[in-house]
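S.K.: Going down the list, the sequences are from chains A and B. If you're matching positions, the first sequence starts at 1 in the UniProt record's numbering and goes up one per residue. If you're matching positions, the second sequence starts at 1 in the UniProt record's numbering and goes up one per residue.
Any given hint could turn out to be false.
Now the in silico label distances, taken between C-beta atoms and shown as ranges [unchecked claim]:
id : chain 1 : residue 1 : chain 2 : residue 2 : range
1  : A       : Ser94     : B       : Tyr92     : 31 to 41 angstroms
2  : B       : Met1      : A       : Pro116    : 30 to 40 angstroms
3  : B       : Pro161    : A       : Leu128    : 33 to 43 angstroms
4  : B       : Glu84     : A       : Lys114    : 21 to 31 angstroms
5  : B       : Glu29     : A       : Val113    : 37 to 47 angstroms
6  : A       : Leu140    : B       : Val39     : 21 to 31 angstroms
7  : B       : Met1      : A       : Ser50     : 20 to 30 angstroms
8  : B       : Arg162    : A       : Ser92     : 38 to 48 angstroms
9  : A       : Ser94     : B       : Ser90     : 50 to 60 angstroms
10 : B       : Met110    : A       : Asn115    : 35 to 45 angstroms
11 : A       : His102    : B       : Arg162    : 20 to 30 angstroms
12 : B       : Asp88     : A       : Leu128    : 52 to 62 angstroms
13 : A       : Ser50     : B       : Met191    : 23 to 33 angstroms
14 : B       : Ala168    : A       : Val113    : 45 to 55 angstroms
Now the stretches of chain B that chain A is said to cover, found in silico as 3 or more residues with beta-carbon under 8 angstroms [claimed, not checked]:
id : region
15 : 20 to 27
16 : 128 to 140
Quick caveat, the hints were computed from the structure, so don't treat them as lab data. All C-beta atoms in this analysis are idealised placements derived from N, C-alpha and C, irrespective of residue type, glycine included.
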Amino acid sequence: MNQMTVHNLYIFDRNGNCLYYNEWNRKKQAGISKDEEYKLMYGMLFSIRSFVSKMSPLDMKDGFLSFQTSKYRLHYYETPSGLKFVMNTDLSVSNARETLQHIYSNLYVEYIVKNPVCVLGQTLDSELFSSRLDAFIRALPFYSPRAA
Amino acid sequence: MVIFSVYVVNKAGGLIYQYDNFVPKAEVEKTFSHPLDLVLKHHDEKVVVSFGQRDGIRVGHAVLSINGLDVCGKNTADGKDILEYLKDSSNYPVSIRFGRARLSSNEKLMLASMFHSLFAIGSQLSPEVGSSGIEMLETDVFKLHCFQTLTGIKFIVLADPRQSGIDALLRKIYEIYSDFALKNPFYSLEMPIRCELFDQNLKSALEIAEKAGNFGAGS
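Please model the entire structure based on the sequences and the hints provided.
M.R.: Below is the structure:
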């Protein structure tokens, strides 16, 4: 009944600016403007990381990985340069860390960092990046478009 | 395979019960000579390592004791400022113990309230209709499980990521709460839980869950 799916993806830079956002299967909007939503998402993640580093009984290596609610799961990946990849999927996806790492090294680095026209730190407006990312997400084994 | 701690948060977000079942001791004691090759800084009324990770001493570890005497916040046991003390070469060689700082009660209160808010934001930012708040939060060294009752009380358990049976444990803790806290005529709702029977039964439920988790867990 519940098909596997990716709901949406956010990419934040180290200062908290949302560089990229796209949604594939989102059923419910947050009820606030997109800018406010990006800030709230970033703020939540920043607080979760701080919370986790204080609460953790042992020293951590990767830190916060994901959280889940009754309806969705949020996956988190942060690069050493402070770039944050956040993906919301349904509950059947247990580990999307490698997917996010792939998005970083094979899509972000290839089409944004290596692109002389793209200024790092600004919203990503490379069409090539968007289309490749979209194709990649749709090709994921855990993605299937729901019936409208 | 361990259960680290249990927190109970009331519906206003205040911590009403906390129990540490297992606190791993991750401490390193070493003797140093002048000059100290670690960079220390003040953080939250403690002295922590900010640079120079080596030999089991990680960034973020706090100074726990100097020459065997436990430190008192930012000062040594005799009241001298730690950073000043360690700048003076006449105090060397010195033996310092570093480790993860234990959370004070105040810090636990703040963290519980912080989680209470994060729980709600997790529900607000949901891309799906009718989502609850954060029920499980995973890191590489622990998993946090949260069960919110219909009355808004949250039972939070921190455990090893491979520990199984935590959902059943959360329901069991709810049962113990209703039997030994709510049915206690001297207990007031939403107030800190100070009921001996609650403590005892919680400890045995944790023991049972840890043992059962050991049998039932796969990889």
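S.K.: Met1 (chain B) and Ser50 (chain A), beta-carbon distance inside 20 to 30 angstroms?
M.R.: holds, 27 angstroms
S.K.: Is it true that Glu84 (chain B) and Lys114 (chain A) lie within 21 to 31 angstroms of each other by Cβ?
M.R.: Hint violated: Cβ distance 50 angstroms, outside 21 to 31 angstroms.
S.K.: Assuming the hint says 33 to 43 angstroms, is it satisfied by the Cβ distance from Pro161 (chain B) to Leu128 (chain A) or not?
M.R.: holds, 38 angstroms
S.K.: Against chain A, does the region 20 to 27 of chain B show at least 3 residues with beta-carbon separation below 8 angstroms?
M.R.: This one holds; 4 residues, not fewer than the three required, reach chain A with a Cβ under 8 angstroms.
S.K.: Verify the coverage statement for the region 128 to 140 of chain B against chain A, using a C-beta to C-beta distance below 8 angstroms and requiring 3 or more qualifying residues.
M.R.: holds (count 13)
S.K.: Is the hinted range of 38 to 48 angstroms satisfied by the C-beta distance from Arg162 (chain B) to Ser92 (chain A)?
M.R.: violated, 20 angstroms
S.K.: Could you check the hint for me, namely that Glu29 (chain B) and Val113 (chain A) are 37 to 47 angstroms apart, CB to CB?
M.R.: Holds - the Cβ-Cβ distance for Glu29 (chain B) and Val113 (chain A), about 44 angstroms, lies within 37 to 47 angstroms.
S.K.: CB of His102 (chain A) to CB of Arg162 (chain B), is that within 20 to 30 angstroms?
M.R.: holds, 26 angstroms
S.K.: Taking the CB of Met110 (chain B) and the CB of Asn115 (chain A), does the distance hold inside 35 to 45 angstroms?
M.R.: Since the Cβ atoms of Met110 (chain B) and Asn115 (chain A) sit about 43 angstroms apart, the hinted range of 35 to 45 angstroms holds.
S.K.: Can you tell me whether the CB distance of Ala168 (chain B) to Val113 (chain A) sits inside 45 to 55 angstroms?
M.R.: holds, 47 angstroms
S.K.: Can you tell me whether the CB distance of Ser50 (chain A) to Met191 (chain B) sits inside 23 to 33 angstroms?
M.R.: Check passed, 28 angstroms falls within 23 to 33 angstroms.
S.K.: Is the gap between the beta carbons of Ser94 (chain A) and Tyr92 (chain B) within 31 to 41 angstroms?
M.R.: The hint (31 to 41 angstroms, Cβ to Cβ) is violated, given that Ser94 (chain A) and Tyr92 (chain B) are roughly 51 angstroms apart.
When each numbered hint is compared with the structure, violations occur for hints 1, 2, 4, 6, 8.
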